[in-house]
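Asks: This is what each chain is made of:
Protein chains: 2
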Amino acid sequence: MMQNGESNPFLINEEIPWEVIDDKLSRQIVGYDNQIMMVKVQFKAGGIGQMHSHFHSQVTYVVSGLFEMTIGDEKRLLKGGDSFYIPPHAIHGCVCKEEGMLIDVFSPQREDFLEPKEL
Amino acid sequence: MMQNGESNPFLINEEIPWEVIDDKLSRQIVGYDNQIMMVKVQFKAGGIGQMHSHFHSQVTYVVSGLFEMTIGDEKRLLKGGDSFYIPPHAIHGCVCKEEGMLIDVFSPQREDFLEPKEL
Numbered sequence: 001m002m003q004n005g006e007s008n009p010f011l012i013n014e015e016i017p018w019e020v021i022d023d024k025l026s027r028q029i030v031g032y033d034n035q036i037m038m039v040k041v042q043f044k045a046g047g048i049g050q051m052h053s054h055f056h057s058q059v060t061y062v063v064s065g066l067f068e069m070t071i072g073d074e075k076r077l078l079k080g081g082d083s084f085y086i087p088p089h090a091i092h093g094c095v096c097k098e099e100g101m102l103i104d105v106f107s108p109q110r111e112d113f114l115e116p117k118e119l
Numbered sequence: 001m002m003q004n005g006e007s008n009p010f011l012i013n014e015e016i017p018w019e020v021i022d023d024k025l026s027r028q029i030v031g032y033d034n035q036i037m038m039v040k041v042q043f044k045a046g047g048i049g050q051m052h053s054h055f056h057s058q059v060t061y062v063v064s065g066l067f068e069m070t071i072g073d074e075k076r077l078l079k080g081g082d083s084f085y086i087p088p089h090a091i092h093g094c095v096c097k098e099e100g101m102l103i104d105v106f107s108p109q110r111e112d113f114l115e116p117k118e119l
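First to last, the sequence lines map onto chains A and B. Taking the working numbering, the leading residue of the first sequence gets 1, the next gets one more, and so forth. Taking the working numbering, the leading residue of the second sequence gets 1, the next gets one more, and so forth.
Honestly, the hints are just simulated from the structure, not real lab data. Honestly, I wouldn't trust all of these hints.
For chains that are exact copies, the list does not tell them apart, and a pair is met inside one copy or across any two.
Stated by the list, open to error - Computed list of lysine-lysine pairs in DSSO-like fashion (alpha-carbon distance at most 30 Å, straight line):
{"no.": "1", "residue 1": "K24", "residue 2": "K79"}
{"no.": "2", "residue 1": "K79", "residue 2": "K44"}
{"no.": "3", "residue 1": "K75", "residue 2": "K44"}
{"no.": "4", "residue 1": "K97", "residue 2": "K79"}
{"no.": "5", "residue 1": "K75", "residue 2": "K97"}
{"no.": "6", "residue 1": "K75", "residue 2": "K24"}
A quick note: this is a predicted structure, and the numbers were derived from the prediction, not measured.
Produce the entire structure from the sequences given, and follow the hints as far as they go.
Replies: Pasting the structure below:
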């Protein structure tokens, strides 16, 4: 089981719950401590990561699919094998053009992802 | 082109050089700033990540292949879709059993990966 302060060292895909974000997005929080957090995000085509910003540094690896990614004023189409970097406070968002998965990694930890949901 | 302090936001796989580590390992440094760094590591079967430790927190996603991963005293076989977390200073290493790729992410940046090589 995961503890509050940090994850297990070994994170087996089938053993970790997925959280449904909306009908086209779900996420799995995997390795983390206070300093860093990895989150797998599965998108169906048409899924949208709304434009937003945060103080964390972010790096993301595109495992599969096709994503129209906006960072600041620039828009690019990214495919499996590509990756991107979001500086702190930079506004960013994406539209999933073909079903796929992103590996988002934040520093420091996204505390908001670990907080209990409000009813 | 990458700057010293941080990477480009958009990182297209085909545009970024691979660094050969040995005859079974090569790596591609992708998104980074002072706080975080993502590194793709391609392994051929039999490739070894020697046991080592560092002060950085590390999270890794297994894109493909099969890896016998040791973290501290524990050893597990990890496949594509699995991931792992290395606490600061924890000793760790891996043996690649089937060709594949790891996405290593460190916080803070691995400055040693950006330093010019000594002759």
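Asks: Decide, hint by hint, whether the structure agrees.
Replies: Outcome of the hint check:
1. Taking the shortest alpha-carbon separations for K24 and K79, both the intra-copy value of 18 Å and the inter-copy value of 26 Å come in at or below 30 Å.
2. In this homomeric assembly, K79 and K44 come within 30 Å of each other (Cα to Cα) both inside a single copy, at 14 Å, and across copies, at 23 Å.
3. In this homomeric assembly, K75 and K44 come within 30 Å of each other (Cα to Cα) only inside a single copy, at 20 Å, whereas the closest approach across copies is 35 Å.
4. In the homo-oligomer, the alpha carbons of K97 and K79 lie at most 30 Å apart both inside one protomer (10 Å) and across protomers (27 Å), since each shortest distance falls under that limit.
5. Taking the closest pair of Cα atoms, K75 and K97 come within 30 Å of each other only inside a single copy of the chain (13 Å); across copies the shortest separation is 39 Å, beyond that limit.
6. Taking the shortest Cα distances, K75 and K24 sit within 30 Å of each other inside one copy (21 Å), while across copies they are farther apart (36 Å).
Hint compliance for this structure: every hint is met.
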